[in-house]
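K.L.:
Starting from the known structure of chain U, fit chain W onto it as the hints suggest.
Letter by letter, the chains look like this.
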Amino acid sequence: MSTLTVTRAVHLPKVGTVLSLLVVAFVVAAALVPGLLVDGSPTAIDLKSTLEAPSWAHPFGTDDAGRDLFTRVVHGARESLGIGLGATALAFVIAIGLGFTAALAGRVVDAAITRVLEVAFAFPALLLALLVIAVRGPSLATSIAAVGIGSAPGYARMIRGQVLAVRQAGFIEAAAALGHGWFTVIRRHLFPNAMRPLVAVATLGVGQSIVWASALSFLGLGVAPPSSEWGALLDAGRLHITTSWWLEILPGVVIVLVAISVTSLGRTLQNRLGGAAR
Amino acid sequence: MKARTAAVLAAAVLATASLSACGSDPAAGGGTPKAGGTIVYGHVQEPPCIFGGWIQQAYISRQVLDGLVTLAEDGTVKPWLATKWAVSPDGLKYTFTLKDGVKFTDGTPVDAEAVAWNFDYWENKGGNSTAKVSIDPYYKAAKAIDASTVEIEFNTPFPPFLTLATQGYFGIQSPTAFKSRTEKENCEKPIGSGGFTVKEWKHGEEVVLAKNPGYTSWPATAKHEGPAIVDEVRWKFVADGVSRYASLSTGESHVVYEVPTVNWKDAQSRYQTIRYITPGKPVSFYINTRTGPFTDAAVRKAFAYGADRKSAVEAGFHGVIPYEGNPAVSQATPGYNAEVAKAYAYDPAKANQLLDEAGWTQRNADKVRTKDGKPLTIKLVYGSGFIFTQEGATVLQVLQEQWKQIGFDIKLIPATQAELWGGKYTDPSTFDATPSYWTSPAPSILWIVWRPSTTEKPNGSNRSFYNNETLSAVIQQANSEPDATKANDLYGQAQKIIQDDAAGIGLYTQNSTYAVAQNLKNVWLEKSQGEPVFSDAYFTG
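These protein sequences, in sequence, are chains U and W. Numbering of the first sequence is given in UniProt numbering, commencing with residue 1 and proceeding in unit increments. Numbering of the second sequence is given in UniProt numbering, commencing with residue 1 and proceeding in unit increments.
The hints are simulated quantities; they were obtained by calculation from the structure and are not laboratory data. Do not take every clue at face value.
[Said to hold, decoys possible] Calculated pairs, DSBU-like style, for lysine-lysine (alpha carbon to alpha carbon, straight line, at most 35 angstroms):
#	chain 1	residue 1	chain 2	residue 2
1	W	K367	U	K48
2	W	K143	W	K93
3	W	K103	W	K184
4	W	K404	U	K48
5	W	K424	W	K140
6	U	K48	W	K496
7	W	K199	W	K84
8	W	K103	W	K211
9	W	K199	U	K48
10	W	K265	U	K48
11	W	K350	W	K374
12	W	K310	U	K48
13	W	K350	W	K371
14	W	K125	W	K202
15	W	K424	W	K184
16	U	K48	W	K379
17	W	K140	W	K189
18	W	K189	W	K34
19	W	K486	W	K457
20	W	K84	W	K99
21	W	K411	W	K367
22	W	K93	W	K496
23	W	K125	W	K103
24	W	K404	W	K457
25	W	K236	W	K99
26	U	K48	W	K342
27	U	K48	W	K179
[To be verified] Stretches of chain U that chain W covers, calculated by requiring three or more beta carbons in the stretch to come under 8 angstroms of a beta carbon on chain W:
#	segment
28	63 to 71
29	221 to 230
30	234 to 243
We treat Cβ as the ideally placed atom computed from N, Cα and C, and that holds for glycine.
Chain U with its partners taken away, still in its complex shape (with noise of 0.2 angstroms):
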C-alpha cells in the first residue's frame, strides 16, 4: 500500500523548490527578525510623503499616511505566516482527536462522528469561519480559530481514512500480537504511519490558511489596525487601485508568491514522503 512504502529514490532539487525555499526562508526571517530585513517601524508616519510610487528608498511605496509599505508587508508576514501555521496546527488537532477517535472507538462514535463531519462539510470552510468571527468578533486569535475550525472537518476525514488504512497492517497486527498495550500501539505504530502522508498535508494547509486568513481581513473580518498582515494591506490598498496601484498590486503578489512557494514545498514534500491524500 501507498501509505506504507516510502520512497527513496534521490531526487536533485528543482529550481522551481528552490526558488520556493528562497521564498520561505525569507518570509520565516521576516516573520521572526523583521529588523533583520527592515530598519523602522511598519507603522512610522511620514504625512510629507504619502502615496509615493516604488523607489529605491521605498522599494514598494508608501501609503496614504505615508508608511513605508515593504516595511509593513515585512512587519506583516509574522501574523500572516502566524495565522497559517497557528490555524493549520488548530485544524489538525481538532481533526486528530476527532479522525482517531472515529477510527478506533467503535462503529456508533464512528457514525456519530462522520455524521458530524459531513453536516460540517456541507458548508464551505469560509462559512464556518465567518461563524466563528460572527460570535467572538475579530480579532488575531479569532482569525486562527476561524480559519483552523474552518479546515478542520477535511482533515479529520482524511485523518480517520489514514488510521482506519493503517490500523489492518500488518505490524499493527504484529504489534498487538506482541502484547503491546493498546496505547503504545497507537503511539509507537499507528499514528507516525497514519500522520506520515499529512505531513504534506499540512504543509498545504498553511499556504492555504494565508490566503483564508487574507481574505477575512480583506473583508474587513481579521485582525485590527494598524496591523499589516497582508490581508489587511490588500484591503486598505483596494481603494487606491487605480490611483496607486502599489497598495494592492505588491501585497497581492505576496500573498500569491509565499502561497505557491509553501504549495510547492508541500507537493515536493509529498512526492518524497509518498502517500497522497486526497
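P.N.:
Just chain W, lined up with the frame of chain U:
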C-alpha cells in the same frame, strides 16, 4: 403631443436654469432637456425602513414624503406643504396654513388632521426617534384648527423648531394608509405626497422610485414646477466605494453618493460634483468622562494636544474633507463658534507636560506612560465601514501613531454597525473615546448630545457621560431665546464650555459628496441635511 410636452418642459426648465447657470454645478441646468428616463443612483447604506430617525432614512424618505417647510440656501425657512405660518407672541404656538388641494398618493387629502396625526406619531408613538429628540421636551401638542390650519404647541418657546422641521425626519405620511396597512407595508412603501412613490424594494439591491404624476406640492426651493421630469429613480445600495465610483464611468449609474476622496480630483474633472458639509455635530470624539483615564480633564486635554489632527485629516482625506476643531458643532452650523475651533492646536510638548503634571510620569517597556503601575491605555471604538470609511480609518491610525509618541497606548477597536447600535459599546467600561457625528441644521443639536443624564431621563446620546449643569442651563437658555444673535451667542458659550473642558475633541466635518454624470442636470441637495433631490432633474439629449 410628446414633442409639445418636451418643448413646454424645456421652456420651464431653461427659465429656472438660466437664473443660476454656472460651470459644473449640477444644479445649474442647461442642455436640451428630455422628458422621461431613469436615474440610477448609487447610495451607500440600506436602511431598515424608508423612513425613520437615521439620516440614511431621511435621504430616501425625502423623495417620497413632503415636509411642512424647507430650508433655503441662505438658511431661511421657506414654504412647502405649508404656504405660510405665524408664531404667537409668547412663542408657544405655531399656526401653519396648508397648501390647498394637495393629496397623498393614496388619494386622501394632506389636511390639518393628517399633519397633527404625524406630529403625534413622531413624538408620542415612537414614529421617528430623531424627530422626537429634535423638539423634545419642548413639544406639547399638535391640533387641527380647521381643514387647512394646524397648530403646533410648545411648553416653552423653542425658536429652532422651524429650522428643525425642515429635516427629512419630518416628512408627512398619509394616516389613512398608515392605519389601514401592515407595519411592513408602511415600512417599505410609506405613502406621502412627494415627487416619487416607492414602486419596489429589492432588498440588498435597490429601491425603485416611480414618478408621482399627480405631484402638486413641490417646495418653494424647487427648480421647476410640476411633477418629476424623469420616470424613475433606481436607488441602488453599493456599499463598496471603489465599485460605486467605478459605476459612473461604466455608465451603470448617473449619480453616486460618497465619492472616495482619493477619486475626488478625478471626479471633478470628469463629472459634475457637489460637496456638502453637514451642519450639526461633526465627526468628533466623545470622551468618556465617567470612568478611565479621561476622568481627569488634564489627560483629556493632553489627548487633544497630543496629535496633529488637522494634518492627519488633510492627509487621510486628500485635502477634500475639512478638519473641524470644534467638537460640538461643525462650521456649517448656524451659531458656530470659530474661536473655539482653534483650541488645542498640535503641541506635543504641552501634552507631555500635562501628562507629567497629572501623574502619568513612568513609562513601561513599550514606552507607554503609567501611573500607579497602570498603563495609559485608551480604548478607541469606532464604527468601521459606516461612520469611518477606509480613509477615515487611516486618519485614526495616523493619530494613534502620534499619540503613541507622547505615551498613550491607543487600542483601535473597529465596531460593526450591529455591535455599535446593538449596545455592545454602551457601557462606560467598554470605551474611552468614540468618534461619531449627528447632523442637524440647528445648534440646538447641543441639547440632544449634551443634555445631562438623569436616572429618570437618561440621555443615551451623551456618550461623553458629561453632566454639566452650567452647560445644560446655557443651552436651554439659548434654545428659548427669541433673538437669534443672542441665541447664537449663548450657543457659542456652550461650545466653549465643552471645548474648555475637553468633553469632546474635534476631528473633521461630516461631508456628503456627490458625482453626477454630465448628461443629467438639475440634481441638487436640499439645505438642511444634504439630501439629494431628483424631482427637478432631467437628462439632456
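K.L.:
Okay, the segment 234 to 243 of chain U and chain W, do three or more residues pass the C-beta test at under 8 angstroms?
P.N.:
Coverage by chain W holds for the segment 234 to 243 of chain U (8 residues, Cβ < 8 angstroms).
K.L.:
Does the alpha-carbon distance linking W:K143 and W:K93 stay inside the 35 angstroms limit?
P.N.:
11 angstroms, holds
K.L.:
For the pair supplied as a hint, U:K48 and W:K379, confirm whether the alpha-carbon distance does not exceed 35 angstroms.
P.N.:
Roughly 28 angstroms between the alpha carbons, so the hint for U:K48 and W:K379 holds.
K.L.:
Would you check the hint for W:K199 and W:K84, treating anything up to 35 angstroms between C-alpha atoms as holding?
P.N.:
32 angstroms, holds
K.L.:
Checking one constraint from the list: CA of W:K93 to CA of W:K496, max 35 angstroms. Satisfied?
P.N.:
Status holds; Cα separation ~32 angstroms.
K.L.:
Does the structure keep U:K48 and W:K179 at a Cα separation of 35 angstroms or less?
P.N.:
Judged against 35 angstroms, a Cα distance of about 60 angstroms means the pair is violated.
K.L.:
Holds or violated: are the alpha carbons of W:K189 and W:K34 at most 35 angstroms from each other?
P.N.:
28 angstroms, holds
K.L.:
Please verify whether W:K350 and W:K371 have alpha carbons no more than 35 angstroms apart.
P.N.:
The hint holds at about 18 angstroms.
K.L.:
Checking one constraint from the list: CA of W:K103 to CA of W:K211, max 35 angstroms. Satisfied?
P.N.:
15 angstroms, holds
K.L.:
Against the 35 angstroms threshold, does the CA-CA distance of W:K84 and W:K99 hold or violate the hint?
P.N.:
9 angstroms, holds
K.L.:
For the segment 221 to 230 of chain U, count the residues whose Cβ lies under 8 angstroms from any Cβ of chain W; is that count three or more?
P.N.:
holds (count 3)
K.L.:
Holds or violated: W:K424 and W:K140, Cα atoms, limit 35 angstroms.
P.N.:
The hint holds at about 34 angstroms.
In summary, the structure is inconsistent with hints 9, 24, 27 from the numbered list given earlier, while agreeing with the others.
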